[in-house]
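Residue numbers (the numbering used here), protein chains in the order written: chain A, 1 to 381; chain B, 1 to 381.
Just so you know, the hints here were simulated from the structure itself, not pulled from any lab data.
Check the hints yourself; a few may be wrong.
[To be verified] Dumping the calculated DSSO-like pairs for lysine-lysine here, alpha-carbon to alpha-carbon at most 27 Å:
1. A:LYS324 x B:LYS20
2. B:LYS324 x B:LYS20
3. B:LYS223 x A:LYS324
4. B:LYS43 x A:LYS43
5. B:LYS362 x B:LYS160
6. B:LYS223 x B:LYS345
7. A:LYS10 x A:LYS324
8. A:LYS324 x B:LYS345
9. A:LYS289 x B:LYS43
[Stated by the list, open to error] Computed Cβ-Cβ distance ranges for the label pairs, DEER-style:
10. B:ASP240 x A:SER82: 18 to 28 Å
11. B:GLU22 x A:SER82: 43 to 53 Å
12. A:SER82 x B:GLU87: 32 to 42 Å
13. B:LEU119 x A:GLU302: 30 to 40 Å
14. B:ALA283 x A:ARG106: 43 to 53 Å
15. B:GLU228 x A:HIS311: 43 to 53 Å
16. B:SER117 x A:ARG165: 56 to 66 Å
17. A:HIS178 x B:LEU119: 38 to 48 Å
18. A:GLN116 x B:HIS311: 46 to 56 Å
For glycine and all other residues, C-beta sits at the position ideal for the given N, C-alpha and C.
2 protein chains.
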Amino acid sequence: MAFHFEILAKDSLTQARLGKIETSHGSFTTPAFLPVGTQGTVKSLTPEELVDMGVEAILGNTYHLYLRPGHEVIGRLGGLHSFMHWEKPILTDSGGYQIFSLGDLRKISEEGVTFQSHLDGSLHFLSPERVIEIQRALGSDIAMVLDECIPHPSPYDYVKSSTRRTTRWAERCLRARHEDDPALFGIVQGGMHQDLRKESARDLIQMDFQGFAVGGVSVGEPKSVMLEILKGTLPLLPEDAPRYVMGVGTPEDILDAVRLGVDFFDCVLPTRNARNGTLFTSAGKLSIKQAQYAEDHRPIDETCSCYTCRHYSRAYLRHLYMAKEILSSRLNTIHNLFYYMVFMKEIRGAIQRGGLLDFYTKHPSHPGRLDTEQTVQSPPA
Amino acid sequence: MAFHFEILAKDSLTQARLGKIETSHGSFTTPAFLPVGTQGTVKSLTPEELVDMGVEAILGNTYHLYLRPGHEVIGRLGGLHSFMHWEKPILTDSGGYQIFSLGDLRKISEEGVTFQSHLDGSLHFLSPERVIEIQRALGSDIAMVLDECIPHPSPYDYVKSSTRRTTRWAERCLRARHEDDPALFGIVQGGMHQDLRKESARDLIQMDFQGFAVGGVSVGEPKSVMLEILKGTLPLLPEDAPRYVMGVGTPEDILDAVRLGVDFFDCVLPTRNARNGTLFTSAGKLSIKQAQYAEDHRPIDETCSCYTCRHYSRAYLRHLYMAKEILSSRLNTIHNLFYYMVFMKEIRGAIQRGGLLDFYTKHPSHPGRLDTEQTVQSPPA
C-alpha cells in the first residue's frame with residue numbers, strides 16, 4: 001500500500017518538523033491531529049463537516065469495529081472508508097489499548113490476549129496475526145501492531161518482560177503482513193525506564209516499519225513523566241520516519257510533544273469534552289452549562305469563525321445542553337474540533353516560519369492557561 | 001404583522017387547494033408540512049439542513065419554550081428566529097395540547113389552566129391572555145389561541161361546555177392582541193358532534209382570525225372519526241382562510257386531509273420515527289434495526305435522492321442505530337423529512353395539474369401500504 005513520509009521544514013529552536021504523509025487515500029500534513037471515529041463515525045458529525053473544518057485524517061478503533069459490526073462485515077461492504085463515507089486517510093489502532101483497559105476481563109499470554117466483549121460478555125482472542133488480518137479487512141491506511149499497553153506505575157521486571165513480548169509481537173505482525181496491507185507502525189514501549197525504551201527502540205527500528213508510535217504515554221502517568229519519556233525516546237527513532245503519540249491530548253500536551261519532534265496525535269478529548277459541554281476558547285475553557293451563559297448573546301469565542309460561532313449564542317448552546325438536545329453535541333463538537341484544527345494549522349505555520357518557540361510562549365495553551373477551567377468574562381450588563 | 005393567504009389553484013375532483021402563505025419572515029407554499037422544533041431545534045438538524053431539503057416553515061412548542069429556557073429569555077435575545085438561527089416562518093402552538101396531556105397535573109377553570117411542569121413540578125398558570133403574551137415574546141409568525149384539547153371519547157355535555165369555553169377563550173385571545181402581534185388562528189372544537197362543530201365554527205368565523213385549525217383530531221380517535229370530523233367541519237370554514245390540522249400525521253392521513261381542503265400540518269411522526277429507526281420509503285416503512293439489513297449495501301430507498309440515501313448503506317445505518325450513535329438520528333431524520341418534503345411537493349404538483357385523485361390512488365401512502373410495517377425486499381444473495 002502506498003505510503004510516503006516527507007519532511008518539508010524543520011523548526012529552528014525545537015525538534016519540531018513540518019511534514020506530509022501520503023497514503024493511497026490522499027495525504028495529510030503534519031503535525032496533525034486525528035479526530036477519533038470510534039465506531040465508524042466521529043460522533044455526531046458527517047464526513048463533509050470534518051472536511052470543511054480541515055480534518056485530513058481520522059482514527060478508527062479496531063476493538064470496537066471488530067466487535068460491532070465486525071471487520072468481516074465491513075470488509076465485505078468494501079472497507080471502512082466506503083462503509084462510513086470517508087475518503088481520506090484512516091489510521092486504525094490495534095485494539096490493544098481498549099483490551100488492556102478491560103482489566104479483569106482480559107488474560108494475556110505469549111500467543112495473544114483473550115478478552116470478554118464489553119457489549120455482551122462473549123469471549124474473544126486477539127493475536128498479533130489477527131489484528132493485522134482485522135486491519136486488512138477494515139482497509140485502513142495506517143495500521144498499528146498489537147502491543148501491551150502497560151499501566152503506570154508497573155514493576156520494572158513486569159515492564160521489561162512485557163516490552164520484550166511487545167517486540168516479539170511486532171515481529172509476528174510484520175511476518176503476517178501481505179503485500180498490499182496498510183502501512184504498519186511499531187510501538188516503542190518500556191514504561192518510564194530509559195534502558196527499556198532504548199532496547200525497545202533499538203529492536204523495532206531494525207524491523208521494516210513505516211513509522212513509530214511512542215506507547216505507554218497518556219496511561220495515567222504525570223505530565224512530567226510523559227515529557228521525560230518523550231524526551232528520552234524520540235531521539236532513538238529514525239528522523240525520516242513519522243512519529244505518532246496515541247491518546248494525546250490537550251492543546252498544551254500536543255504543543256509540548258510537537259516541540260520534541262512528534263508528528264501526529266489522536267485523542268477523544270475535543271469530541272468528548274464537546275458532548276460534556278466543555279468548550280475550548282482563545283481565553284481558556286468554558287463550561288456551557290453554567291448559569292452565567294443563560295442570556296449571553298455572544299458566540300463561544302468571538303475570535304472563532306467555526307459554523308457554531310458564526311450562528312449561535314452561548315445562551316442557545318446552553319439551552320440545547322440543558323435540554324439534552326442532539327444538536328448540542330453537534331454544535332459543540334464542530335466548535336472544539338475546529339479549535340483543534342486551527343491550533344494544528346497555527347503550529348504548522350509556526351514551524352514553517354521557524355518560530356514555534358515564540359508561538360508556544362504566546363499561545364493560550366501555554367502552561368497555566370488551559371490546564372485549569374477558567375471563567376470566561378461575563379457578558380456586559 | 002404581515003400575513004396574507006392566497007389560493008393559487010384548486011384541484012378538479014377534490015377540495016384540495018394550492019396556496020401560499022406570506023409572513024414577515026417569508027412565505028411558504030401549501031399544502032405544507034411543518035417539522036416540529038419542540039425545544040427550539042428540529043431534533044438533530046441544523047436550519048441549513050432543513051432549508052436544503054425544502055422546509056419552508058417550522059413549528060415551535062410554546063409549552064416547552066415557556067418552561068425552558070423561558071419566553072422572556074428568548075424575547076430578550078431577539079426572539080425565537082434569531083435564538084435558533086431560523087429565518088423562515090415559525091408557527092407556535094398555544095401550549096394547550098401539552099398541558100392537557102399532563103392529565104392529573106393540570107386543573108382547568110374559566111380563567112385558564114393551572115399545571116405542574118414536567119421538568120421540576122413547579123406550578124404554572126396559563127390564560128388566553130398569557131399565551132398571546134408568550135407567543136409575542138417568542139416572535140412567532142402564526143400564533144394559536146388557547147383551547148382545551150378534548151380527549152376522545154368524552155361525554156357530550158363536557159364537549160359542549162368545553163367547546164363554549166374555548167370559544168370564550170378565543171375572544172379573550174383576540175382582545176389581548178397588540179397591533180404587531182403574530183397572525184392568530186382560531187381552533188374549531190366540538191369533538192365528534194356535528195352540532196357542536198357547527199356552533200364552534202359559526203362563532204369563530206365571526207371573529208377576526210387569520211386562519212383556522214380543526215382541533216380535537218389526532219387525539220386518540222379512530223381514523224374514520226377523524227375523517228368524519230374533517231368532512232363535517234371544513235365546509236363550515238371560509239374558503240379564503242388557511243386551514244390547519246395540528247398533530248397530523250402519516251402520509252396517508254395528510255393526503256386524506258388535503259383532499260378535504262386542509263392547507264397545512266405539523267407532526268413529530270417523521271422525526272420521532274427517524275430516531276426510533278423507522279424509515280419511510282417508496283415501498284413502505286422500513287425498520288432499520290432488523291438483522292436482514294446487517295450487510296445490505298443498498299440505500300434506504302433506491303428512488304430517494306436525500307443526502308443519506310446518496311452516501312450511506314442500510315448496513316451502515318443499521319450499525320449506527322445498534323451502536324446508539326448520534327449520527328443515526330441525524331441521517332434517519334434527514335431521510336424521513338426529505339421523504340415528507342418530496343411527498344408534499346408531489347401533492348402540490350398534483351393539485352396544480354388538477355390530478356390529486358389520480359396521485360392518491362397511485363401513491364404508496366394509499367391505504368394498506370403505509371398503514372402497516374412492511375418488509376422491504378432482502379438484498380440479492
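Going through the hints against the structure:
no. : hint                            : in the structure
1   : A:LYS324 x B:LYS20              : violated, 35 Å
2   : B:LYS324 x B:LYS20              : violated, 40 Å
3   : B:LYS223 x A:LYS324             : violated, 34 Å
4   : B:LYS43 x A:LYS43               : holds, 16 Å
5   : B:LYS362 x B:LYS160             : violated, 40 Å
6   : B:LYS223 x B:LYS345             : holds, 24 Å
7   : A:LYS10 x A:LYS324              : violated, 46 Å
8   : A:LYS324 x B:LYS345             : violated, 33 Å
9   : A:LYS289 x B:LYS43              : holds, 19 Å
10  : B:ASP240 x A:SER82: 18 to 28 Å  : violated, 54 Å
11  : B:GLU22 x A:SER82: 43 to 53 Å   : holds, 46 Å
12  : A:SER82 x B:GLU87: 32 to 42 Å   : holds, 37 Å
13  : B:LEU119 x A:GLU302: 30 to 40 Å : holds, 32 Å
14  : B:ALA283 x A:ARG106: 43 to 53 Å : holds, 45 Å
15  : B:GLU228 x A:HIS311: 43 to 53 Å : holds, 46 Å
16  : B:SER117 x A:ARG165: 56 to 66 Å : holds, 59 Å
17  : A:HIS178 x B:LEU119: 38 to 48 Å : violated, 58 Å
18  : A:GLN116 x B:HIS311: 46 to 56 Å : violated, 35 Å
Taken one by one, the earlier hints fail for this structure at numbers 1, 2, 3, 5, 7, 8, 10, 17, 18, listed in ascending order.
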